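Asker: Single-letter residue listing:
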Amino acid sequence: MTITALTRPDTTAEPAPGDSPARTHRARRQPSRMRVERRRSLTGWAFLAPAALLIAWLNFWPMIQAFVLSLKTGKGARLNFAEPLWSNYARLLKDDLFRTTLGNTAIYLVIQVPIMLIMALILATILNSKHLRWKSLWRTAIFLPCAVSLVSYSLVFRTLFATDGFVNDVLMGMHLTDHAINWLGQPGTARFVIILGLLWRWTGYNMVFYLAALQNLDYSTFEAARIDGAGPVKTFFYVTVPQLKPMIVLTAIMSTNGTLQLFDESYNLTGGGPANASMSMSHYLYRIAFQNNPNVGYASALSYAILIMVAILALLQMKVGDKRD
Amino acid sequence: MRSSWKIAAIGLVTATAMALSACGGSTQPSSGHDTAVTGDSLTVWAWDPTFNVYAMKEAGKVYQKDHPNFTLNVVEVPWEDVQTKLATYAQSGQLDELPDIFLMQNNAFQKNATNYPQLFTALTDAGVDYTQYSPSVVNYSTVDGVHYGVPFDNGAAIAAYRTDVLKEAGYTLQDFTDITWSDFMTKATDVLAKTGKPMLSGLSKSVDLIMMMVISAGGSLFTEDGKPVLVDNEILGKAVAQYQQMVKAGVFLEVNGWDQYVNGFVNDGVLGVINGCWILGSVQTATNQEGDWGLTNLPKLDGVSSATNYSTNGGSSWAISSKANFGLAADFLKATFAGSTELYDTILPSSGALANWIPAGKSSVYEKPQSFFGGQPIYSTIVDFSTKVPKFTPGAYLYEAIDALSVAVTKTLSGGDAKAALQEAQDAVEFAQQ
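First to last, the protein sequences are chains S and Y. According to the working numbering, numbering within the first sequence proceeds without interruption in unit steps and concludes at 325. According to the working numbering, numbering within the second sequence proceeds without interruption in unit steps and concludes at 759.
Calculated directly from the structure, the hints in this document are not laboratory data. Worth double-checking, as some hints may not be accurate.
[Unchecked claim] Cβ-Cβ distance ranges computed for the label pairs, FRET-style:
(1) Y:V471 to S:L307: 54 to 60 Å
(2) S:D96 to Y:Q389: 51 to 57 Å
(3) Y:D752 to S:R78: 25 to 31 Å
(4) Y:E549 to S:L92: 28 to 34 Å
(5) S:I312 to Y:K382: 52 to 58 Å
(6) S:I111 to Y:N588: 54 to 60 Å
(7) Y:K519 to S:G188: 35 to 41 Å
Since this is a predicted model, take the numbers as computed values, not measurements. Heads up, the beta-carbon is just placed ideally off N, CA and C, and yes, glycines get one too.
Kindly produce the complete structure, drawing on both the sequences and the hints.
Answerer: What follows is the structure, encoded as structure tokens:
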């Protein structure tokens, strides 16, 4: 593969437009604006093409294939088009477990994303203050969780919140509870642990985006606010937040996207339990496609359902973001 | 300008070449196989370096004695990855990537062999004598009467208890042998009152104990033709009720993780285990408890005519892939796992890998008294247990049924109605089968 790729360009590169000696000669003598522009735009396309081709091949082509797959049913690898075609999508509506996982994911989304973004915004504002000492230490400390792999932090959280784990030891040591709490064994607390994990892992990540945006803001706007008599709270709501709006929309879309595709925490931290009460949609998808009797068509339909939800929510957030202008 | 064109063109061509070369890779599954012994190397997938990987390597050494040119490449692949890889290869048709031989969990064998027959080769012509295995073991890897696997490790269920603590509470191992579950309840409750310790423990989301009870009474979660029966299943109903009674009485401790489970009986928190005999490897890590353990059979379900004191949990079988060098792979398995007492005598003491192959169980190594278990010859006892296990048909949808059952048990334990929960589980399995 590599060898053909390296030897071929000599033959393909030679006849490229504008490279024949006669033409080049004439073009140099009478530079025509059209020709130069056409040449420039072609050069641009040529540079774009490799990446575009790779994206089309590695991203869009599988997406099209997945869509075709989502219209098929069958056992194992012997798949045929479903009758009617949309039956996998109709099946989603009848699937109790899908509804449970959708509900779980919605809970994570509604609770975790707003808390995380608000915390990130507050932390970024504090870190942006000119009077704070040891700024880079705090910044690194808050961003550090992002450097931890999803699987390893999930396993650490599982150990921390075991019945005989660190958290229970601390709580019992401080006499806040008289018996060990079965964190991962009850629906409410299991979801709480997942949300806590997500907050720990992703707040710093979003904070860095806000911090970068804040550092690009003109400091005179804050000074002007202070001269006009605005306190820190008013400055935050009327000066900082409106100027950060594009970044807030971006982080909201990214977080929504990420939470809807939540997998590692559900799989590694709680295993989806107890009684599927903390299982995310992607975890259910994995189970359908790989762990149980494979139903790849149905799993693809589920992945398209997630895609549509992400698209709708992103669109909504962009619209909401637009309106405030 | 010229050089930038060249770079762009190189990039474009590289991308095209990669895209094109990726498109032409699909292959057709091979049909038919050659039984002649050719070639001299095999690749194998197994997952446990101290257990099945080790056993396979020893098998390679045994085979090398008669075949000096033979080389064996054992690749350690975790079970979860084996399952994912097999599904991916089968879906994409990239069967070239398969090893010659792979190990498969007995419970997952039917599922994979029915969904992905293109991954397996039938062992009809392999020359393995299946009469030298117990039918309940062979049953796991048999689909429509055709054998697809050579049984490897024994999943016969055992009960092991701390005889020293039982003695303090006034009981002997004999009091827990050949009993029913209601006897067990009475005695275990008494032990709990006297010592403050539960007799058994298990993972909260696993239904292993319930499944062992069901199998011990000859029950199943499916009818002969594969329909799920979770509701109106007398044996299952009794097993679930028995399990819940034990959890509520505190004689069975539910834990959340495997390490917590092992910690329980290793560090005096729990007085016994009921599980597949492979758990004994973990039990024996508590070297300070040498001589304090005793091994016996399981309690049996009350009021069920087919109930026995014997069951099974886990176990695995070797399968030959469709891309294998079939002649060599079959000859290798026949000469080792299905024909070498020497191999089983080697791997038993060092890894605790118990043979399913009945002739191996008659070897003197199996008769040796084990000081950890107070001098009991536990290995020959377990081989004897394994021949008495009722036949169990797992069915292709066993994993779905176990998941659904686990949800139902969790819901019932937190106060839900048992009948409604089982009905929900039944619906869930039926939905998965649609």
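Asker: For each hint given before, does the structure comply? Return the numbers of the non-compliant ones in rising order.
Answerer: Those not satisfied are hints 1 and 6.
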